[in-house]
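Chains as they are written, first to last, in the numbering used here: chain A, 1 to 148; chain B, 149 to 296.
Heads up, none of these hints are tricks.
Taking lysine-lysine and the DSSO-like style, the derived pairs with C-alpha atoms no more than 30 Å apart in a straight line are: (1) B:K240 x B:K189; (2) A:K48 x B:K249; (3) B:K196 x A:K95; (4) B:K243 x A:K101; (5) A:K92 x B:K176; (6) A:K48 x A:K28; (7) B:K266 x A:K28; (8) A:K28 x B:K249; (9) B:K249 x A:K118; (10) A:K118 x A:K28; (11) A:K48 x B:K217; (12) A:K14 x A:K69; (13) A:K101 x B:K176; (14) A:K41 x A:K69; (15) A:K69 x A:K101; (16) B:K249 x A:K95; (17) A:K69 x B:K196; (18) A:K48 x B:K162; (19) B:K288 x B:K217; (20) A:K41 x B:K196; (21) A:K92 x A:K48; (22) B:K288 x A:K28; (23) A:K118 x B:K243; (24) A:K48 x B:K189; (25) B:K291 x B:K243; (26) B:K196 x B:K292; (27) A:K101 x B:K189; (28) B:K249 x A:K101; (29) B:K189 x B:K162; (30) A:K69 x B:K189; (31) A:K101 x B:K266; (32) B:K196 x A:K48; (33) B:K288 x B:K162; (34) A:K118 x B:K266; (35) B:K176 x A:K95; (36) A:K41 x B:K189; (37) A:K14 x B:K196.
Calculated from the structure, these hints are not laboratory results.
Given next are the chains, with one letter for each unit.
Protein chains: 2
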Amino acid sequence: MVSKNIIKTEKKNKDVLNINLTEMPLVKDLRGSLTFGEFSKTVPFHVKRYFIVYDVPNQHIRGEHAHHKCHQFLICLKGNCRIMLDDGNNSKTFKLIEPTKGLHIAPMIWATQFEHSKDAVLLVFASDFYDANDYIRDYKEFKKLCTL
Amino acid sequence: MVSKNIIKTEKKNKDVLNINLTEMPLVKDLRGSLTFGEFSKTVPFHVKRYFIVYDVPNQHIRGEHAHHKCHQFLICLKGNCRIMLDDGNNSKTFKLIEPTKGLHIAPMIWATQFEHSKDAVLLVFASDFYDANDYIRDYKEFKKLCTL
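Isolated chain A (complex conformation) (with noise of 0.2 Å):
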């Protein structure tokens, strides 16, 4: 199903094979460990909204679709899991597995998760507000947009 062209897509879709995690700080004394990010600094944009995802069977999947607009920084804060990020020409999996390491994506990004670890505690931060139709849910779809 094609969704309702009410949003309009960002045009030019990051080439994945550029993307890399981002390093935040960390502090870390006697007292036990601490790490930052900045919103429009570290973290690229203005952020609206984060949500959490947590106790994920192993054996499942996550994530699977794009946005035409919002951007997403993820951070594993715990645990492990791995993010298959996919522009439409190239793939690239991403292994989280630090609080210290963020992973940008831009819109017009396929984005999967999977292998969660059980203790796996994923951060994310978003650029807008929800919007189920700011959503691309659909692969073909998003392959199609891609070649607009």
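Got chain A sorted already, so can you dock chain B onto it with the hints?
For chain B alone, coordinates are given in the frame of chain A:
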């Protein structure tokens, strides 16, 4: 030491006895659990920064300060910890044990984190970028400011 009065302290501080945990939505199904919050909505301020505190040795105490202007919102994503809030007159202690419970700490509330479990991961949202001048680290100074 009394900090420089560059930053205007919030005039009216909140009575901690009226502070309660914020319940965040939970979406739980066979694929796992998801909880979320929206900034300036469920998290009651515009968020500019996050930080994550983890690997805190159990005997250590963190926090122990108040802010002149900065709002904070705390969520314990894994494990648990205790937060004691003090408004200069009363104190109230919260145990944070799940990612669906948030604690809003307004300016001019003295906050102390303690009894972190070994696996505790504490996520904090802040309304301002880091500013050393916004911290009140001396309890006597805090008490004095409370009476102004």
